[in-house]
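Participant: Make a model of the complete structure from these sequences and hints.
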Amino acid sequence: MGDIEAVKPFPDSEEMEISFGPQHPATHGVLRVMVKLDGERIVDAKPIIGYLHRGTEKIFERETYNGAIPHTDRMDYTAAATNNQGLVGAVERMMGITVPPRASYIRMILAELQRIASHIIWLGTHALDIGAQSPFFYTFEEREKILDLYEEYCGARLTLNAMRVGGQPYDLPEGWAARCKTFVDQFPARIAEWERLLTTNRIWKLRTVGVGVISAESAIEWGLTGPPLRGSGVNWDIRKVFPYDHYDEVEFEIPIGAHGDTYDRYLVRMEEMRQSVRIVQQCLARLPEGPVMAKVPKVIKPPKGEIYFSVEGPKGELGYYVVSDGGANPYRLHVRPSCFINLQALPEMVRGQLVADLIAVIGTLDIVLGEIDR
Amino acid sequence: MANPWVLFLLVPLVKIVVILGVVILLAAYLSFFERKILAYMQIRIGPNRVGPRGWLQPIADALKLFVKEDILPSRAEKFVYMLGPVLVTAPALVVFSVIPFGTGFKLFGAEVTPYLTDVNIGILFILGVSSVGVYGIILGGWASNNKFSLMGGLRSAAQLVSYEVPMGLSVVTVLLMASSLSLVKIVEAQRNSGVWFVFPGFIAFFIYFVCGVAETNRNPFDLPEAESELVAGFHTEYSGMKFAFYFLAEYANMVVISSIATVLFLGGWLPPFPNWLAGVWAAPVFTWIPTVIWNAGWFLVKMFAFLFVYIWFRGTFPRYRFDQLMALGWKVFIPVSLVNLMAVAFGVLLIGGSR
Chain P
145 MGDIEAVKPF PDSEEMEISF GPQHPATHGV LRVMVKLDGE RIVDAKPIIG
195 YLHRGTEKIF ERETYNGAIP HTDRMDYTAA ATNNQGLVGA VERMMGITVP
245 PRASYIRMIL AELQRIASHI IWLGTHALDI GAQSPFFYTF EEREKILDLY
295 EEYCGARLTL NAMRVGGQPY DLPEGWAARC KTFVDQFPAR IAEWERLLTT
345 NRIWKLRTVG VGVISAESAI EWGLTGPPLR GSGVNWDIRK VFPYDHYDEV
395 EFEIPIGAHG DTYDRYLVRM EEMRQSVRIV QQCLARLPEG PVMAKVPKVI
445 KPPKGEIYFS VEGPKGELGY YVVSDGGANP YRLHVRPSCF INLQALPEMV
495 RGQLVADLIA VIGTLDIVLG EIDR
Chain W
1345 MANPWVLFLL VPLVKIVVIL GVVILLAAYL SFFERKILAY MQIRIGPNRV
1395 GPRGWLQPIA DALKLFVKED ILPSRAEKFV YMLGPVLVTA PALVVFSVIP
1445 FGTGFKLFGA EVTPYLTDVN IGILFILGVS SVGVYGIILG GWASNNKFSL
1495 MGGLRSAAQL VSYEVPMGLS VVTVLLMASS LSLVKIVEAQ RNSGVWFVFP
1545 GFIAFFIYFV CGVAETNRNP FDLPEAESEL VAGFHTEYSG MKFAFYFLAE
1595 YANMVVISSI ATVLFLGGWL PPFPNWLAGV WAAPVFTWIP TVIWNAGWFL
1645 VKMFAFLFVY IWFRGTFPRY RFDQLMALGW KVFIPVSLVN LMAVAFGVLL
1695 IGGSR
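One line per chain: the protein sequences are P and W, in this order. 145 is the number of the first residue of the first sequence in this note's numbering; add one for each residue after it. 1345 is the number of the first residue of the second sequence in this note's numbering; add one for each residue after it.
Warning: the hint list may mix true and false statements.
[What the hints assert, rightly or not] To spell it out: a stretch of chain W is covered by chain P in this simulated footprint if at least three of its residues, at any positions, have a beta carbon under 8 Å from a beta carbon of chain P; those stretches are:
1. 1383-1389
2. 1485-1496
3. 1643-1652
4. 1661-1671
[Stated by the list, open to error] Straight-line distance between alpha carbons at most 25 Å, and here's what the computed BS3-like set of lysine-lysine pairs gives:
5. K180/P / K1491/W
6. K1675/W / K349/P
7. K190/P / K1675/W
For the record, the hints were derived by calculation from the structure and aren't laboratory data. Ideal Cβ positions, reconstructed from N, Cα and C, are used throughout, including at glycine.
Facilitator: In structure tokens, the structure reads:
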């Protein structure tokens, strides 16, 4: 697949270089892809990033640990809860804080709702890129309900800032758990509705089956995580292999694909939404009573040292590498971004395919430029 | 009315003005219906600000496009760039000169026909004229000097040329059944034989309609202007009135395709089921309606049924990929329409056509 000559029927034909983005309707923000085209066929593609760079990692060094949490919201702005979860988890492990079980369960509920919300955005935009307009509106209707739940919990809808080192800033509001249950109970029916529109749709299958194929070996070599890795048939999910919070106590399955194409990744994400619903239902049923905040010092000063802690974000492994010099600010706080690393496989996945496939592959990688550029 | 020249010149002129006005308004309001219907399909409300329930939205859109700055890209091929929208719009409007909306009626004692002219090669005229529209798209795409436009233009040229063949073949089956190229005669043939051609020619009907969707660059065949791939395809660089012309041409072409489908397959202005419901249509409630409105009404009802399906497609389907589109056209539609043509020809030979 990587052989450039093989896909070029006329070696002397003139190639066209075209710049997709950074202002393009389907590059999900400010991604720019330089594409070398032979007619409609992609000879080579090269993602160019950095249009949304805000120096988040440098900003972290200036902030206190709790003050850094809002900045994590703005990395992958479609998955603020899991971003928070990773950072507070890393600092808590450094300081040896045990989070009260109630707070831990609330975190899991927020994180799984976030996974659903993120996959909803992915589904809507991915379908829109492939030309199906309507799913976008149907999916966003459901996302609104999740955002309403968030708003009720922490006041924010997108940039949640909903977790603190040592636990949760607030307990669940009165009746929140019941409303959340109403949402997750009706949600699988909506997934089925979207699947009726797409899963067996002839054109949808034509556009996704066999498009953007990546083998399990090369997915591992590229360091892909999340649905792009599992779509290739690798059973790897941080929630299962290195369980955090209470993921070892709830039952859920890790859906994996077989062919590593866009269609398999689509099926994986659809099933992940159902599994997230299962997790939220179990968490709501088990939700223990008790405090939501552990005893933590007023100024958080982790001991000198370093730690790497990662969570399974909606888009893949999201890791935080924290180096502390014993002060109130991190000495260095590096983020292992899932989208940035997943994007690196783009050239390999689109080489030899058509322009329309480039758009499908960008969609299926589910990138958020806020996290890639940070 | 003593001078024969008055009738000869004045009547066609009035008809031209009326038809042009109706068609342009129809195209404008089609965009409104599309936005509304699509909105309801997508749990939205759609335009509802301008005028009562948004009914003046198309007028506002047209006004906006009129007063917008008309940008001419500095590196565009200026003459061709300006020629593009003209070449696309003119054929779309010219085609309406032969589409019959009803039978002749008496007005102030003179016989008037609700169509501009009945050319004896009407359907050939339509196919020929509407093919010119391709030039507008490919020239506009090329002259913009933009890679996205160029790709849109190329896609469009390939698509329109390949889908014209099965479309033409399915039209031929109707000609076989009607034994005439005149659109008026085709409708009369359906009245005389008592059966609409959609029933004996349902395969041709299906192929015609799908190819018609492809010809008008509509979803799921909207590759030339695939927003997520080519930004806006061949009209990426166009703004203001030039863009408005492309827009008008697209919607006018939808009306054209639907009108021809109505004429060829659904009996044009004839009321449905003339055999079974003849008694109902003869009831005084209906006979009271003037013939011209009665006929044009049925024509519009059928046409809008087609247009609704267009919009319905857009709300449902993803987009084909370029190679899949070509494969569908050449490997499926052309063979099927050829076989269908043979079958219909044999059928006409055995059973006899409309004569």
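Participant: Next, verify each hint and record whether it holds.
Facilitator: Here's how the hints hold up against the structure:
no. : hint             : in the structure
1   : 1383-1389        : holds (count 4)
2   : 1485-1496        : holds (count 3)
3   : 1643-1652        : violated (count 0)
4   : 1661-1671        : holds (count 8)
5   : K180/P / K1491/W : holds, 12 Å
6   : K1675/W / K349/P : holds, 19 Å
7   : K190/P / K1675/W : violated, 34 Å
When the structure is compared with the earlier hints, violations turn up for hints 3, 7 and for no others.
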